[in-house]
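Work out the full structure, taking the sequences as your base and the hints as a guide.
Read off the chains here:
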Amino acid sequence: MTGKILLIAASALALLSCGQKPEKAEGPSPAADSSYQDRLQTQLLDAKPGDVITIPAGTYSFDRSLSLDIDGVTIKGAGMDKTVLSFKGQVAGAEGLLVTANNFTIEDLAIEDTKGDALKINEGENIIIRRVRAEWTGEPKTSNGAYGLYPVRTTNVLIDGCVAIGASDAGIYVGQSKNVIVRNSRAEKNVAGIEIENTYDADVHDNVATGNTGGILVFNMPNLAQPGARTRVFHNKIVDNNHKNFGLPGSAVSSVPAGSGVVVNSNDQVEIFDNDISGNKTANIIVASVYSSGLSREGMTSAFDPYPEGVYIYGNRLSDGGKNPDNLKLQALRVAMFGPTGALPDILWDGYVNPDKLQNGALPDDLKLCVQNDGAEVLDIDAPDDYKNPKIDTAAHACALKKLPPVELPANLLKAG
Amino acid sequence: MRAAKLRIAAIIAAAAALAACSRPAPTPTFHAEGFPEHLSDWGVISVHDGELALSKGVVPYDIATPLFSDYALKLRAVALPEGRKAVYNASEAFDFPVGTIIAKTFFYPEADGTWDGKVTYGADHTVKNGAMSLKGYHLVETRILARRKNGWVGLPYVWNADQTDAVLKRAGEIIPMTMRRPDGREEKFNYLVPNANQCKGCHATTLKTRELRPIGPKARHLNKMSTFVAGKNQLDVWDEKGMLAGYPGADKAPKNADWTDASAPLDARARAYLDANCSHCHSPTGPADTSGLDLRPMAEFGPRTGLCKSPIAAGAGTGGRPFDIVPGEPDRSILLYRMEIDDPGAMMPELGRAVEHEEGVALIRQWIKEMKGSCS
Numbered sequence: 051m052t053g054k055i056l057l058i059a060a061s062a063l064a065l066l067s068c069g070q071k072p073e074k075a076e077g078p079s080p081a082a083d084s085s086y087q088d089r090l091q092t093q094l095l096d097a098k099p100g101d102v103i104t105i106p107a108g109t110y111s112f113d114r115s116l117s118l119d120i121d122g123v124t125i126k127g128a129g130m131d132k133t134v135l136s137f138k139g140q141v142a143g144a145e146g147l148l149v150t151a152n153n154f155t156i157e158d159l160a161i162e163d164t165k166g167d168a169l170k171i172n173e174g175e176n177i178i179i180r181r182v183r184a185e186w187t188g189e190p191k192t193s194n195g196a197y198g199l200y201p202v203r204t205t206n207v208l209i210d211g212c213v214a215i216g217a218s219d220a221g222i223y224v225g226q227s228k229n230v231i232v233r234n235s236r237a238e239k240n241v242a243g244i245e246i247e248n249t250y251d252a253d254v255h256d257n258v259a260t261g262n263t264g265g266i267l268v269f270n271m272p273n274l275a276q277p278g279a280r281t282r283v284f285h286n287k288i289v290d291n292n293h294k295n296f297g298l299p300g301s302a303v304s305s306v307p308a309g310s311g312v313v314v315n316s317n318d319q320v321e322i323f324d325n326d327i328s329g330n331k332t333a334n335i336i337v338a339s340v341y342s343s344g345l346s347r348e349g350m351t352s353a354f355d356p357y358p359e360g361v362y363i364y365g366n367r368l369s370d371g372g373k374n375p376d377n378l379k380l381q382a383l384r385v386a387m388f389g390p391t392g393a394l395p396d397i398l399w400d401g402y403v404n405p406d407k408l409q410n411g412a413l414p415d416d417l418k419l420c421v422q423n424d425g426a427e428v429l430d431i432d433a434p435d436d437y438k439n440p441k442i443d444t445a446a447h448a449c450a451l452k453k454l455p456p457v458e459l460p461a462n463l464l465k466a467g
Numbered sequence: 009m010r011a012a013k014l015r016i017a018a019i020i021a022a023a024a025a026l027a028a029c030s031r032p033a034p035t036p037t038f039h040a041e042g043f044p045e046h047l048s049d050w051g052v053i054s055v056h057d058g059e060l061a062l063s064k065g066v067v068p069y070d071i072a073t074p075l076f077s078d079y080a081l082k083l084r085a086v087a088l089p090e091g092r093k094a095v096y097n098a099s100e101a102f103d104f105p106v107g108t109i110i111a112k113t114f115f116y117p118e119a120d121g122t123w124d125g126k127v128t129y130g131a132d133h134t135v136k137n138g139a140m141s142l143k144g145y146h147l148v149e150t151r152i153l154a155r156r157k158n159g160w161v162g163l164p165y166v167w168n169a170d171q172t173d174a175v176l177k178r179a180g181e182i183i184p185m186t187m188r189r190p191d192g193r194e195e196k197f198n199y200l201v202p203n204a205n206q207c208k209g210c211h212a213t214t215l216k217t218r219e220l221r222p223i224g225p226k227a228r229h230l231n232k233m234s235t236f237v238a239g240k241n242q243l244d245v246w247d248e249k250g251m252l253a254g255y256p257g258a259d260k261a262p263k264n265a266d267w268t269d270a271s272a273p274l275d276a277r278a279r280a281y282l283d284a285n286c287s288h289c290h291s292p293t294g295p296a297d298t299s300g301l302d303l304r305p306m307a308e309f310g311p312r313t314g315l316c317k318s319p320i321a322a323g324a325g326t327g328g329r330p331f332d333i334v335p336g337e338p339d340r341s342i343l344l345y346r347m348e349i350d351d352p353g354a355m356m357p358e359l360g361r362a363v364e365h366e367e368g369v370a371l372i373r374q375w376i377k378e379m380k381g382s383c384s
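Chains S and G, in that order, are what the protein sequence lines are. Counting with the numbering used here, you get residues 51 to 467 for the letters of the first sequence. Counting with the numbering used here, you get residues 9 to 384 for the letters of the second sequence.
Just so you know, nobody snuck in bad clues.
List time: in silico DSSO-like cross-link candidates among lysine-lysine, alpha-carbon distance up to 27 Å:
{"no.": "1", "chain 1": "S", "residue 1": "K98", "chain 2": "G", "residue 2": "K157"}
{"no.": "2", "chain 1": "S", "residue 1": "K379", "chain 2": "S", "residue 2": "K294"}
{"no.": "3", "chain 1": "G", "residue 1": "K216", "chain 2": "S", "residue 2": "K126"}
{"no.": "4", "chain 1": "S", "residue 1": "K407", "chain 2": "S", "residue 2": "K441"}
{"no.": "5", "chain 1": "G", "residue 1": "K196", "chain 2": "S", "residue 2": "K191"}
{"no.": "6", "chain 1": "S", "residue 1": "K138", "chain 2": "G", "residue 2": "K196"}
{"no.": "7", "chain 1": "S", "residue 1": "K228", "chain 2": "G", "residue 2": "K216"}
{"no.": "8", "chain 1": "S", "residue 1": "K138", "chain 2": "G", "residue 2": "K177"}
{"no.": "9", "chain 1": "G", "residue 1": "K177", "chain 2": "S", "residue 2": "K126"}
{"no.": "10", "chain 1": "G", "residue 1": "K177", "chain 2": "G", "residue 2": "K112"}
{"no.": "11", "chain 1": "G", "residue 1": "K249", "chain 2": "G", "residue 2": "K260"}
{"no.": "12", "chain 1": "S", "residue 1": "K452", "chain 2": "S", "residue 2": "K418"}
Only part of the chain G face toward chain S is listed, based on derived beta-carbon distances under 8 Å:
{"no.": "13", "residue": "R178"}
{"no.": "14", "residue": "I182"}
{"no.": "15", "residue": "N205"}
{"no.": "16", "residue": "R218"}
{"no.": "17", "residue": "D297"}
{"no.": "18", "residue": "P311"}
{"no.": "19", "residue": "S318"}
{"no.": "20", "residue": "P319"}
{"no.": "21", "residue": "A324"}
{"no.": "22", "residue": "R329"}
{"no.": "23", "residue": "P330"}
{"no.": "24", "residue": "G353"}
{"no.": "25", "residue": "E358"}
{"no.": "26", "residue": "C383"}
{"no.": "27", "residue": "S384"}
Don't read these hints as lab results, they were simulated from the structure. Ideal Cβ placement from N, Cα and C applies to all residues, glycine included.
Here it is, written out as structure tokens:
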């Protein structure tokens, strides 16, 4: 039972909710405006490559998912506050809009209150999501859909100028993809603001993540077709992500403690630099293994590498973190090490390393957690040994790693639009 | 003379009119392109005199453990082009020739013996000698899968109020109904007629190519005693009709258990159920490959089939439970929760189910309960 310590809040939640009985859905409630629903869905079915489907300003109601599987289609609204696709009355379908197509652009509209994910793009190349708002209105709640903007198994993805609010998992979630830029976007009041998972080559920059449980997450999960590596998180504002975790236990982000700025979990070659990260009450930056997230060792195929390696943190402006961690053991640690009014250091590391890769008791330089960040300290909480020897060991992390190259997208994705 | 000639002409005309009134038997009509507006345009199924009839050359079939669709009864039928065969495949759907039409009709027993929106379930009802009575039954939709030159196309047709023909609904439809369970409990639900893309949600079993494929006509689903020809194996019947190429014989074909067959091993029944209800998406190539969960019957049991597996993108679908399958603990297993719930954002399958399949849930519950092991 080692290794489930950092995120003990998760197990507390799990205790509360074990044996939860499924709730029954409401009875039939047909959509307010089903004529537009049929018309738009038929347009999506009949679209030809190159078509631009425009949706004028207005609020449109849908009682079931929309879907598109024609390559080369653009869906364009009149603005993320003007064209609103509302799924408040949804009775069927696991997302608002499901896209299984290449060369897809969606821009200038909002998708609200879907039962499941707002926008899911499952397998596709050259995807632009621009100035789209995905939101669950009202106070954030567990029954909200999982993901706001959700490209998965995609290649060449630009998410630009978007807004995601209220997701019970991640507001902006890019999974199992390659070549991704998430920029100029705002994630607020989600469990995870922006999450990059099992993805190769992602740049996450010039975003604002605030009021989430965790601001920006870079995760690797087991049993998937590809692991991930090479994410750069830079020039973002990651501030006051202290929302109570409202994800259901068992979900991937439910183990994230409230007050997490940036979390790297089991991912490799992650660069975190030039960000403003402040006011995240558990820690401004957390580097951990899935062993700290309550995953079962029986539930991982042997191919999975659970260790975060080659993480490089430098040149960030870190402040005001770690003052009130959302985790009993971390709270005890804070008081014991730093006094009742003290704060945990800016960077928490759970201390898991791959024993097979140690050379003379230490990781080779390229696999280390390296920190070059004025005054920022690293606390090794010693999760593998049940918190017995937590220590600030900033010197051990005073290394430098080779910087990653910028993500390059095809030129047509980056054209102003 | 002239008058007599006219009279004769009139008689001939009248005879011709009479002949036109008596309905000619429809024959399967393959449409190589376009979206025929009516089911009758395909000529595979017709309704007259209170009976649903399969046209000549249309072969009914059923499968050992079917997909659950809100307790709808299903009549499956296939029409191959004259003289052509489907190529047998041991693991995938048979490769049907261009020109093949597959029709799957969804219908319910009426709870009150007449159509008032209330349906029920219970005994099977299907065609005998190519026809079945519709008395006490309500036709909901017929889905056509047609094998065109560029691949399969899926078209949903919704039966009209008069139950005489079905009309194309490419954008799908929600049909509110009430389910009366055999013990009298009633529950309102929204029956979903999928839109043409949602057909692909299940039938594009390889998302990379997004090609539609039939799901039911696989060897392991068809390898059972025929419901329509007494005393014969269904695959043998297909073979005898000249429908199969490369058929190795029933004993060499894989075979799924009938999930209701209490004499079959529990594991085989459960895996057959998960195959029929989940594996079209939950395979290494399907739309749910994103989850890393593989529920095909040939997948070796372990983390990839859900053992102690953490979900990837389940969101509220976890129900607060830790792992997909916790051996011995069905009420801590996410897999079972997602079968029990009927919230569209959390339930599985994502489409085509609005009420709980209580009997299927009971089977999977028992399977997990009897499973040995634990998740550390």
